[in-house]
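Assemble the whole structure, with the sequences as input and the hints as a guide.
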Amino acid sequence: MTTNEPPKEEESSTFIRPKKRMDWRLVAIRSGITAGVTILVCLFILRPMVINGGSMMPTYPSKGFTFGFLPYFKIYAPQRKQVVILKHAGFNTFLLKRVLAFPGETVEIHHGVLFVNGKEVDEPYVKYPCDWNLPRREVPHGKIFVLGDNRSMPIQNHMGGMIDKSRLAGVPIW
Amino acid sequence: MPGFHLNRMKWAALAALVLVTSAAVWFFYFRTDDATAVRARLREAVAFAEKQPKGSGINLQGAGVAHALGDFFTAETDIEISGRSRGQTYTMSAATRAQLVSSYFLMRPLLTSLSVSLAEIEVTFHDDTHKNATVKCSAMATGSTQDGDFFREGRLIDAELVREDDGEWRFRSLRADPVIGFD
Numbered sequence: 533m534t535t536n537e538p539p540k541e542e543e544s545s546t547f548i549r550p551k552k553r554m555d556w557r558l559v560a561i562r563s564g565i566t567a568g569v570t571i572l573v574c575l576f577i578l579r580p581m582v583i584n585g586g587s588m589m590p591t592y593p594s595k596g597f598t599f600g601f602l603p604y605f606k607i608y609a610p611q612r613k614q615v616v617i618l619k620h621a622g623f624n625t626f627l628l629k630r631v632l633a634f635p636g637e638t639v640e641i642h643h644g645v646l647f648v649n650g651k652e653v654d655e656p657y658v659k660y661p662c663d664w665n666l667p668r669r670e671v672p673h674g675k676i677f678v679l680g681d682n683r684s685m686p687i688q689n690h691m692g693g694m695i696d697k698s699r700l701a702g703v704p705i706w
Numbered sequence: 004m005p006g007f008h009l010n011r012m013k014w015a016a017l018a019a020l021v022l023v024t025s026a027a028v029w030f031f032y033f034r035t036d037d038a039t040a041v042r043a044r045l046r047e048a049v050a051f052a053e054k055q056p057k058g059s060g061i062n063l064q065g066a067g068v069a070h071a072l073g074d075f076f077t078a079e080t081d082i083e084i085s086g087r088s089r090g091q092t093y094t095m096s097a098a099t100r101a102q103l104v105s106s107y108f109l110m111r112p113l114l115t116s117l118s119v120s121l122a123e124i125e126v127t128f129h130d131d132t133h134k135n136a137t138v139k140c141s142a143m144a145t146g147s148t149q150d151g152d153f154f155r156e157g158r159l160i161d162a163e164l165v166r167e168d169d170g171e172w173r174f175r176s177l178r179a180d181p182v183i184g185f186d
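Which chain is which? The protein sequence lines are A and Y, in order.
Heads up, the first sequence is in the numbering used here, so the first residue is 533 and it goes up one at a time.
Heads up, the second sequence is in the numbering used here, so the first residue is 4 and it goes up one at a time.
No wet-lab data here; the hints were simulated from the structure.
The structure presented is a predicted model; accordingly, all values stated were derived computationally and were not measured.
Ideal Cβ placement from N, Cα and C applies to all residues, glycine included.
Careful: at least some of the hints might be erroneous.
Some chain Y residues near chain A, calculated using beta-carbon distances under 7 Å [as the list claims (entries may be wrong)]:
1. A122
2. S141
3. A142
4. M143
5. T145
6. G146
7. V182
8. I183
9. G184
10. F185
Listed below in structure tokens is the structure:
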């Protein structure tokens with residue numbers, strides 16, 4: 533390899549570029565579009581959510597953060613044992629629960645053990661002791677049966693049970 | 004003005020923007036159709052419940068409160084709250100109105116604070132005269148009890164309102180069920 537070759541003309545040329553002026557109008561338009569898209573995504577697709585409450589412990593901490601993927605149930609049907617986000621009341625409060633039974637199925641709980649259609653459900657995600665008893669009942673049409681993973685409190689203090697299927701809002705992404 | 008020149012297209016765009024903004028403001032704040040009136044009546048009832056004296060049912064038995072509450076209901080109103088099988092026909096009197104406030108409308112007898120927000124309000128009219136309306140909405144009640152416990156409860160509201168001869172919308176039935184529950 534030779535090193536004494538003269539530099540090519542274009543490499544040896546010196547260009548003086550005028551200093552770029554900030555186009556504030558362009559910056560404002562880009563910022564506006566970015567903010568608008570972010571707001572729309574956060575409202576309708578990936579909703580940031582603060583977890584506040586221990587009803588899904590230990591799967592989810594009592595204080596935490598996640599994103600809810602809202603269009604999920606426009607594409608897929610809920611699955612048994614799936615963790616879902618449900619509209620509570622209004623647009624700012626949601627519930628994080630696990631789907632356990634569907635319309636027409638019977639549910640009952642004996643000494644903390646859940647039975648769906650008379651068959652015991654294996655629930656490895658329930659880590660805390662539970663002594664709930666719930667007489668057999670059928671999930672009505674248009675509803676689903678959901679519970680949290682933390683069932684260490686008395687059953688009357690647990691926010692769970694039947695809820696309208698229409699209140700399924702999405703799934704947490706982690 | 005230097006640097007501020009509007010050609011015909013820009014004037015048209017600006018005019019369209021002003022028109023759309025004005026229409027939106029009118030639609031959300033100044034529209035006075037029947038559905039808006041029903042929604043307003045619902046919010047008025049909630050505001051009434053929020054501002055009542057808390058801490059005891061005794062204050063609620065005042066004649067003024069009973070009189071004011073009576074303005075929200077027809078002479079006979081079916082009320083069922085929280086699915087506790089309390090559905091019954093109320094024939095209004097001062098005593099029952101006060102009882103209504105303390106045991107049903109405020110949800111808990113011993114509150115120190117109450118705030119209710121309504122959402123997902125759907126108003127349906129059953130005839131062309133728009134004298135009967137069905138309202139479905141969700142309500143989030145937050146507050147604290149005298150024990151110092153904070154509560155946050157969601158309810159699904161299903162109410163029927165009628166427009167009486169004096170032009171006021173009044174509740175003919177009011178049903179509030181928990182959003183989620185074992186029953």
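Hint check:
1. A122: holds, 4 Å
2. S141: The hint holds - S141(Y) has a Cβ within 7 Å of chain A, the shortest such distance being about 4 Å.
3. A142: holds, 6 Å
4. M143: The hint holds - M143(Y) has a Cβ within 7 Å of chain A, the shortest such distance being about 4 Å.
5. T145: T145(Y) check fails; min Cβ-Cβ to chain A is 9 Å, beyond 7 Å.
6. G146: Since the shortest Cβ distance to chain A is 14 Å, the answer is violated.
7. V182: holds, 6 Å
8. I183: Nearest chain A Cβ about 4 Å off; hint holds.
9. G184: G184(Y) check passes; min Cβ-Cβ to chain A is 5 Å, inside 7 Å.
10. F185: holds, 4 Å
Hint compliance for this structure: hints 5, 6 are not met, and every other hint is.
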